[in-house]
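K.L.:
Based on the sequences and whatever the hints tell you, model everything.
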Amino acid sequence: MLSKRIIPCLDVKNGQVVKGVKFKQHEIVGEILELAALYSQAGADELVFYEISASVEKRLLDVNWVRDIARHIDIPFCVAGGIKSVADAAKVLEQGADKISINSPAIARPELIKELHDEFGKQCVVVGIDSFFDANTGEYLVYQLTGDPNSASQTRYKASEWVQRVQELGAGEIVLNCMNQDGVRKGYDIEQLSNIRKQCDVPLIASGGAGVMQDFVDVFQQADVDGALAASVFHKQLIEIDALKQYLAANKVPCRL
Amino acid sequence: MIAIINTGCANINSVRFAFERLGVNPEVIRDPAQLKQFDRAVLPGVGHASVAMKRLRDQGWDTAIAEYQNPLMGICLGMQLLCDETEEGNVQCLGQIPGKVSYLETGQLTSPHMGWNTLSVCNAHPLTQGLNPDDQVYFVHSFAHASNANTLVESEYGTRFSAVVAKDNYAGMQFHPEKSAKVGATLLNNFLNWQL
Chain B
1 MLSKRIIPCL DVKNGQVVKG VKFKQHEIVG EILELAALYS QAGADELVFY EISASVEKRL
61 LDVNWVRDIA RHIDIPFCVA GGIKSVADAA KVLEQGADKI SINSPAIARP ELIKELHDEF
121 GKQCVVVGID SFFDANTGEY LVYQLTGDPN SASQTRYKAS EWVQRVQELG AGEIVLNCMN
181 QDGVRKGYDI EQLSNIRKQC DVPLIASGGA GVMQDFVDVF QQADVDGALA ASVFHKQLIE
241 IDALKQYLAA NKVPCRL
Chain V
1 MIAIINTGCA NINSVRFAFE RLGVNPEVIR DPAQLKQFDR AVLPGVGHAS VAMKRLRDQG
61 WDTAIAEYQN PLMGICLGMQ LLCDETEEGN VQCLGQIPGK VSYLETGQLT SPHMGWNTLS
121 VCNAHPLTQG LNPDDQVYFV HSFAHASNAN TLVESEYGTR FSAVVAKDNY AGMQFHPEKS
181 AKVGATLLNN FLNWQL
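From first to last, the protein sequence lines are chains B and V.
For the first sequence, the UniProt record's numbering begins at 1 and goes up steadily by one.
For the second sequence, the UniProt record's numbering begins at 1 and goes up steadily by one.
Careful, some of the hints might be misleading.
Said to hold, decoys possible - Within a straight-line C-alpha distance of at most 20 Å, the following computed EDC-like cross-link-like pairs (lysine to aspartate or glutamate) qualify:
1) B:Lys-91 / B:Asp-134
2) V:Lys-182 / V:Asp-134
3) V:Lys-182 / V:Glu-154
4) B:Lys-84 / B:Glu-94
5) V:Lys-182 / B:Asp-148
6) V:Lys-54 / B:Glu-31
7) V:Lys-167 / V:Asp-31
8) V:Lys-54 / B:Asp-148
9) V:Lys-36 / V:Glu-154
10) V:Lys-167 / V:Asp-84
11) V:Lys-167 / V:Asp-58
12) B:Lys-122 / V:Asp-168
13) B:Lys-19 / B:Asp-118
14) B:Lys-122 / B:Glu-111
15) B:Lys-84 / B:Glu-115
16) B:Lys-252 / V:Asp-134
17) V:Lys-167 / V:Glu-85
18) B:Lys-122 / V:Asp-84
19) V:Lys-36 / V:Glu-67
20) B:Lys-122 / B:Asp-62
21) V:Lys-182 / B:Asp-68
22) B:Lys-58 / B:Asp-148
23) B:Lys-236 / B:Glu-31
24) V:Lys-182 / B:Glu-94
25) V:Lys-100 / V:Asp-84
26) B:Lys-252 / V:Glu-156
Said to hold, decoys possible - Reference listing, derived: stretches of chain V covered by chain B, where coverage requires no fewer than 3 residues with Cβ under 8 Å from a Cβ of chain B:
27) 128-140
28) 158-164
Stated by the list, open to error - Cβ pair distances, simulated, as ranges:
29) V:Gln-195 / B:Asp-224: 41 to 49 Å
30) B:Leu-257 / V:Ala-124: 20 to 28 Å
31) B:Leu-257 / V:Ala-66: 37 to 45 Å
32) V:Asp-58 / B:Glu-94: 15 to 23 Å
33) V:Asp-84 / B:Asp-201: 29 to 37 Å
34) B:Ile-28 / V:Ala-66: 52 to 60 Å
35) B:Ala-243 / V:Pro-126: 35 to 43 Å
36) B:Asn-64 / V:Gln-195: 35 to 43 Å
37) B:Glu-111 / V:Lys-100: 30 to 38 Å
38) B:Asp-62 / V:Lys-100: 38 to 46 Å
Read the hints as simulated data drawn from the structure, not as lab findings.
If you're wondering where the values come from, they're calculated on a predicted model, not measured in any experiment.
Glycine is no exception: its CB is placed at the ideal position from the N, C-alpha and C atoms.
P.N.:
This is the structure:
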């Protein structure tokens, strides 16, 4: 049976791993390679690296660390940060990344998803979506350029519309992040994820809000996502990955022990 | 000496690094004439079958692979290309491993089949040594080889399919051993130790 994936997320800035709260106040967590090795040995199923300032600074991420990761890590990993073209994506994949994730550049130019799909295949193309719940309208809206609070802005898309559109364009996986939940460790946004699951035929990864091990069980059982991404609970060692896997297994969530 | 066949449309680095972690230094080769100098060879592959098959034929790899006498293993698309034919683009493949590659019918499950899945050994072979019943490996694919007499290991995602196949000196792994942590390393080691 296919396992549910546990995916530590490493936000990269100036060559180091950082972590913010609600996308702000970034503090340094550690060295990229050291943390990546630690998590993969602990049983992480996949790693995601976001070079958070790349899109904001209108540049491609630094591909040198991507090669180091590929050399030392024996699990799949996905890389994001300022990938705006097929040529950019090729540079990242050549270094040994398994997938590339695009977010703001896809909003700026949605055809990029199709171009990447046609060149590298669906399985390589992950679309990250930052959604924010607007209490005034009761709608989930898509935000862009969230790597820096000064540049973050609302887009014209509602989250459900954008999820539909990116699938039509050829996205092979969707990472749905709820910004309201990010870094506050109050649990995943089960309601939104459950709704999006109904319209999402490709693997769906939950992001934002993990605080305790039960949050992972809940999001897998109630929202039927394929993977759960988390950062601060792992970086702050509030949850150990092997203990989490045992807890998932005890709760009948299929996972890799 | 082990060769990694580079036709220009696969991610060579991941496979190379995985062997380097096992203490061997593969040579990446682009010329089919070089192949016969090597003790064993790997055919990696990602992308579309029809594009990859055209490159293999245009560059003369089809003949070089057919004449090769030592262990040769395809990974993911590389495995599919060693089979008779594939539904992806409806192309004839290299024909070294009997059987057809078809679209993987996943039923209600999301497609592609992406993630860690379990294995079940159906025919013991030097390539399957050390595999335990709970072991999992990392898959990413939409097409698969239907189990037949050459299937060594099966997996299931909507349908049962071949995860590891072998015929004579040719073998294939549908998943990515280079990305499958310790289990993957065991399987790559088995390939390095496989004596015909």
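K.L.:
Decide, hint by hint, whether the structure agrees.
P.N.:
The hints, checked one at a time:
For the proposed pair B:Lys-91 and B:Asp-134, the alpha carbon gap of about 37 Å is over 20 Å, so the pair is violated. At most 20 Å may separate the alpha-carbon atoms for a hinted pair to count; V:Lys-182 and V:Asp-134 meet this at roughly 13 Å. Between V:Lys-182 and V:Glu-154 the alpha-carbon distance is near 19 Å, which keeps this suggested pair within the 20 Å criterion. For a cut-off of 20 Å, the pair hint linking B:Lys-84 to B:Glu-94 stands: about 16 Å separates their Cα positions.
Distance hint between V:Lys-182 and B:Asp-148 is unfulfilled; the C-alpha atoms sit about 38 Å from each other, more than 20 Å. The straight-line distance between the Cα atoms of V:Lys-54 and B:Glu-31 is roughly 43 Å, outside the 20 Å bound, and the hint therefore fails. Annotation: proposed proximity of V:Lys-167 to V:Asp-31 is violated, straight-line Cα distance about 24 Å (limit 20 Å). About 45 Å separates the Cα atoms of V:Lys-54 and B:Asp-148, which puts this hinted pair outside 20 Å; it is violated.
Taking the CA atoms of V:Lys-36 and V:Glu-154, the gap is near 31 Å; set against the 20 Å cutoff, the hint is violated. The suggested pairing of V:Lys-167 with V:Asp-84 holds, with an alpha-carbon distance near 12 Å, which does not exceed 20 Å. Between V:Lys-167 and V:Asp-58, the direct Cα distance comes to roughly 25 Å. Violation of the 20 Å bound is thereby established for this hinted pair. In summary, the hint linking B:Lys-122 to V:Asp-168 is not supported, as the alpha carbons are separated by about 33 Å, beyond the 20 Å threshold.
Simply put, B:Lys-19 and B:Asp-118 have alpha-carbon atoms about 34 Å apart, too far for the 20 Å limit, and the pair is violated. A C-alpha spacing of about 14 Å is found between B:Lys-122 and B:Glu-111, which places the hinted pair at or below 20 Å, so the restraint holds. With a C-alpha separation of about 11 Å, the suggested pair B:Lys-84 and B:Glu-115 falls inside the 20 Å cut-off, and the hint holds. For the given pair, B:Lys-252 sits about 15 Å from V:Asp-134 by alpha-carbon distance, which is consistent with the 20 Å threshold.
Only pairs whose Cα atoms come within 20 Å are accepted, and V:Lys-167 paired with V:Glu-85 is accepted, the gap being roughly 16 Å. A threshold of 20 Å between alpha carbons decides the hint, and for B:Lys-122 with V:Asp-84 the separation of about 24 Å lies outside it, so the pair is violated. Between the alpha carbons of V:Lys-36 and V:Glu-67 the distance comes to roughly 8 Å, so the proposed pair stays at or under 20 Å and holds. Between the alpha carbons of B:Lys-122 and B:Asp-62 the distance comes to roughly 24 Å, so the proposed pair goes past 20 Å and is violated.
Taking the CA atoms of V:Lys-182 and B:Asp-68, the gap is near 19 Å; set against the 20 Å cutoff, the hint holds. Proximity of B:Lys-58 to B:Asp-148 is assessed by CA-CA distance (about 12 Å); at most 20 Å being required, the pair is judged to hold. Using a Cα cut-off of 20 Å, the hinted pair B:Lys-236 and B:Glu-31 holds, with the two alpha carbons roughly 14 Å apart. For the hint linking V:Lys-182 to B:Glu-94, the alpha-carbon distance of about 23 Å lies beyond 20 Å, and the restraint is violated.
In summary, the hint linking V:Lys-100 to V:Asp-84 is supported, as the alpha carbons are separated by about 6 Å, within the 20 Å threshold. Straight-line distance between C-alpha atoms of B:Lys-252 and V:Glu-156 comes to about 19 Å, which keeps the hinted pair within the 20 Å bound. Look at the region 128-140 of chain V against chain B: 4 of its residues bring a Cβ nearer than 8 Å to a Cβ of that chain, three or more, so the hint holds. For the region 158-164 of chain V, the stated coverage by chain B is not satisfied: 0 residues place a CB nearer than 8 Å to a CB of that chain, which falls below the threshold of 3.
The hinted window of 41 to 49 Å between V:Gln-195 and B:Asp-224 holds, with their beta carbons roughly 46 Å apart. At roughly 24 Å, the beta carbons of B:Leu-257 and V:Ala-124 sit within the given window of 20 to 28 Å. Distance hint for B:Leu-257 and V:Ala-66: a CB-CB separation of about 42 Å, consistent with the stated range 37 to 45 Å. In this structure the supplied range 15 to 23 Å holds for V:Asp-58 paired with B:Glu-94, their Cβ-Cβ distance being about 22 Å.
Between V:Asp-84 and B:Asp-201 the beta carbon distance is about 30 Å. The supplied range of 29 to 37 Å therefore holds. Separated by about 55 Å at the C-beta atoms, B:Ile-28 and V:Ala-66 satisfy the suggested range of 52 to 60 Å. Distance hint check: the CB atoms of B:Ala-243 and V:Pro-126 are about 36 Å apart, consistent with the given range 35 to 43 Å. Distance hint for B:Asn-64 and V:Gln-195: a CB-CB separation of about 40 Å, consistent with the stated range 35 to 43 Å.
Between B:Glu-111 and V:Lys-100 the CB atoms are about 35 Å apart, so this pair conforms to the stated range of 30 to 38 Å. A hinted range of 38 to 46 Å holds for the C-beta pair B:Asp-62 and V:Lys-100, which are about 44 Å apart.
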